[in-house]
Structures are given as C-alpha cells and as structure tokens.
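Enquirer: With the sequences and hints as input, model every part of the structure.
Chain residues, written in single-letter form:
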Amino acid sequence: MSLEFQALLPEEYLIKHIETGTRPDGRKLTDRRPVSIAGDNIKSADGSAIVKQGNTTVICGIKAELAKPTTEQPDQGFIVPNIILTPMCHPNIKLGPPSATAQELSTFLKDVVHASGCLNLTDLCPVPNRVAWVLYIDVVCLDHDGNLRDAAIAALIAALNSLRLPQVTFDEELEQISVSKSKSKLKILCNPVCCSYSVFHLESSEITSEENTLLADPTYAEEEVANSEISFVILEKGEICVTHQTGDRPI
Amino acid sequence: DGSCMLSSGDTTVVCAVYGPGEVKPSKELIHKACVDVVYRSRVGNAGIEDRKQEIFIEKSCSSAILSVLHPRTAVTVNIQEMHNGGGLVAACVNATCLALLDAGVPMRFLIACIHCVVLADGTVTLDPSLKQQAKARQQNGSATLLFTFESRTRAVISSHTEGKVTQVKLQEAVTMAQSAADKVFSFYRLVIARKFSKEL
Chain A
1 MSLEFQALLP EEYLIKHIET GTRPDGRKLT DRRPVSIAGD NIKSADGSAI VKQGNTTVIC
61 GIKAELAKPT TEQPDQGFIV PNIILTPMCH PNIKLGPPSA TAQELSTFLK DVVHASGCLN
121 LTDLCPVPNR VAWVLYIDVV CLDHDGNLRD AAIAALIAAL NSLRLPQVTF DEELEQISVS
181 KSKSKLKILC NPVCCSYSVF HLESSEITSE ENTLLADPTY AEEEVANSEI SFVILEKGEI
241 CVTHQTGDRP I
Chain X
252 DGSCMLSSGD TTVVCAVYGP GEVKPSKELI HKACVDVVYR SRVGNAGIED RKQEIFIEKS
312 CSSAILSVLH PRTAVTVNIQ EMHNGGGLVA ACVNATCLAL LDAGVPMRFL IACIHCVVLA
372 DGTVTLDPSL KQQAKARQQN GSATLLFTFE SRTRAVISSH TEGKVTQVKL QEAVTMAQSA
432 ADKVFSFYRL VIARKFSKEL
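Those sequence lines, one after another, are chains A and X. Here the working numbering is used: position 42 in the first sequence is 42, and no number is missing along the way. Count along the second sequence starting at 1, add 251, and that's the number in the working numbering.
Bear in mind the hints are in silico, worked out from the structure with no lab data behind them. Since the model is a prediction, treat every value here as computed from it, not as a measurement. No residue lacks a Cβ here, since even glycine has one placed at the ideal position from N, Cα and C. Keep in mind that the hints are not guaranteed to be accurate.
[Said to hold, decoys possible] For lysine-lysine, the following DSBU-like pairs were computed, each having C-alpha atoms within a straight-line distance of at most 30 Å:
#1 Lys94/A - Lys283/X
#2 Lys187/A - Lys386/X
#3 Lys237/A - Lys386/X
#4 Lys434/X - Lys110/A
#5 Lys386/X - Lys110/A
#6 Lys28/A - Lys187/A
[Said to hold, decoys possible] Each pair of labels, with its calculated beta carbon distance range:
#7 Ala7/A - Pro322/X: 17 to 25 Å
#8 Phe170/A - Pro276/X: 50 to 58 Å
#9 Met333/X - Lys187/A: 38 to 46 Å
#10 Ile299/X - Gln73/A: 17 to 25 Å
#11 Thr101/A - Arg403/X: 25 to 33 Å
#12 Asn391/X - Thr71/A: 36 to 44 Å
#13 Met333/X - Arg27/A: 44 to 52 Å
#14 Ser184/A - Gln418/X: 35 to 43 Å
#15 Pro322/X - Ser184/A: 55 to 63 Å
Expert: Here it is in structure tokens:
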C-alpha cells in the first residue's frame, strides 16, 4: 500500500513522514547515514579512495602527470577534478557527454579544493618554470542514492591524503627531467567536510515551528522531491569555506 | 520576447528571454515550465565555468517564475557578457530579472543578486570591482560571496560562497547585502516605471 502511495504521490508520501519527525528509511530528520571511507585501494593510481555513504558509493582516483607550468603562475601545479556519473549508478542517468549537473559538481569540487586551501599549489611544482605536477582527479559515482556532494568531497580529500608523489629534479645543462623511485606523501593542510541538506517547505507543521524543514544527508528520492538544497563545506576550525544554496523556496 | 542590457559600473551584460514556448521533448517537465539558461562569456568557447553560472542563474530564476502556470513549455534565457568589471554573475541575475519583467513572464517575486567580498582583515565590501575580486581570490583568508534575495521578504533564494569565512562574518555579509538588495529593487521600480510612462 505504501509503495503505491510513494509511486503516485512521492511528495505527499515524504511530507507525511516528515510531519511525524522521521523519514522513510527510519532516520530522524537530522540523522546522517553511516559513512565508511577506505583509502589507497587502487594500486595503479597515485592516490585513491572509496566512500560509501548509505547506498551512495563513490570512488576517487588520482593520476599525476608532469607538465610545464604557465607563464602567469610559474610556481604552481594544476588540479583537474572531474566527476563521472556512470549510467550504472542510477536509472535516470544516460550514457553520453557529462550532463550539466555533472559539470556543475566538477566545478564544485574545484572550488572546494581552491577555497579551502587544503593543498598548496606551490607544493605541486618541484622545479618552478620548468616542471609542475598535474593532478587528474577522477571521481566516479558507482551508486547514486542522494547526496553526491558530501560523498565526492570525502572521496577527494581521502584520495589526496593517500597520494604519493616521487621527487622530481631537472638538470639544467642536459635539459632532462629525472624522477626518483621513492615516493612521499603530499602535505595536506586541512580536511574540509561537506554537509548537505534538502529543504522542504511545509504549510503547517506540528513538529517544527519554522516553515522550512531541513533534512540532513538526503537520499535520491528525497532530493528529487525537495524544494531546494543547501550545502556547507566546513573546515576543522569551524570556518565555512564553500556554501551552495539553490532555491525554490527562500530561507 | 523580452530583453535587457544592464550595466553595473563597468560590468555590462545583455539578456534576452523567450517564452514560455516550445521545449525539446528531452527537457520537457509535465507539471511546470522548464527554465533553460545559455550563458556566453565574451571570449572563448563554452566551458565548464559557464555551466556553473548557468545553473546558478537557472536555480535563482526558476524559483521566481510561476512555472506551474505553463506546464510542458520552456522559458529560454540567453545571456551575453559584454564586459566584466567585477560582479558579473550578480549583473547576469539582475539583467535576467529585468528581461523576464520585460517579457511579461509571470513571476512570484523579483530577484536581486548581490556580490560581496570579505577580506582577511574582516572588512565586508559590497559590489567589488575586478581588482578587489582578484585580491580576494589570491589573499588567504578572504572570501567571495554571492546572494540572491527575493523582493517580498528579503529572504535568501540562492547563495554561493568561495573562501574561508566564519559563521559570524557570513551573517554580517548577508545583512549588509540585504540592505543593498533594497536599492536594487527600487532601481527595478524606477526602470519599469520609466518604460511604461514612455509607452503611455
């Protein structure tokens, strides 16, 4: 009976749950799903991590390549994050070039890395003007059950923490790049954490006195029916480094 | 159906709105109109950064437009950057709102977007110039914030922050931007009143 109700009126189904203070999967409104993070799983990648947040599964792999730094910033390396939403992660995702959502998530990852200052780009440049590292960060979504932002950020940071780069030296006379066999970890200055919420606008609520109800760590079904979403990326000291709010209802 | 050219200091954008009209079957929504934003910057091909602007503008507008009145249609918004003198995204959102008004698309409320910059020493600057924006991006401990307000209750519809900022500073920036939004809304009134007085 409840499954038919969910299929026909998904919004009503969710609102009826919220009004009693719980969600369809049994969590309270502010409960997050259990998260498990495992780093350094992919041996062929320079850094990797897999994150499972409830059913949402995201894997991140980092490949490092050498390139010549730009003339504008001769002492900085490059970070190229990219999110890939595979068709296997959800029936709604189709095969083809990255959709607008995927592209927007990729820029979100880039913003977080730059805004949080978790990585010093000058650390990625062993020989200024000559040689710089380019980190190709690929985040692949294996299972999309909502809240990709949190999972993707967690995977990215865990992968960066597991990243090992060799030493690079440049011989000026011979114009040769030599790469050492030994690898060392990259210095990560901070670990940003992302918290996302779905916002629901209830006409009258007995539980909450405010009009808007926030649901922590939404599932795909909750995200689809939500009025809007809001995400905060917070650093260890409590500073907010990236916020992202998209509206349908004002907060 | 409606267009607008807005300049905010040196920043100039042109916005054109078509709709509600024909929609591609892949983008069709059964219960409401879909908002399709195409943003082109002055130089270069369409890139990922443009996609981010498009989505931000789309989310701000789709909350303002009464999309349930026109199901299975699309409202197309085309924005062209003419010159960037700082505060570009804010200018785009404001131009879109005026173009939507010009096109006569039914809206729930008006939207105003304010750009502000919080520097490391704690000063909050509204509507920064390109130089101030660049300084904020490079300086460690400063942040760029973007807020979209609605005209009825001055609540925040959408926001985007980049850079470290404490909770207290964020609140302060929102309050300051809210008072700036009042000025933008009274500007909208002025422009529309002028337009209709000429037509009469």
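Enquirer: Tell me the hint numbers this structure goes against, listed in increasing order.
Expert: 4, 6, 12
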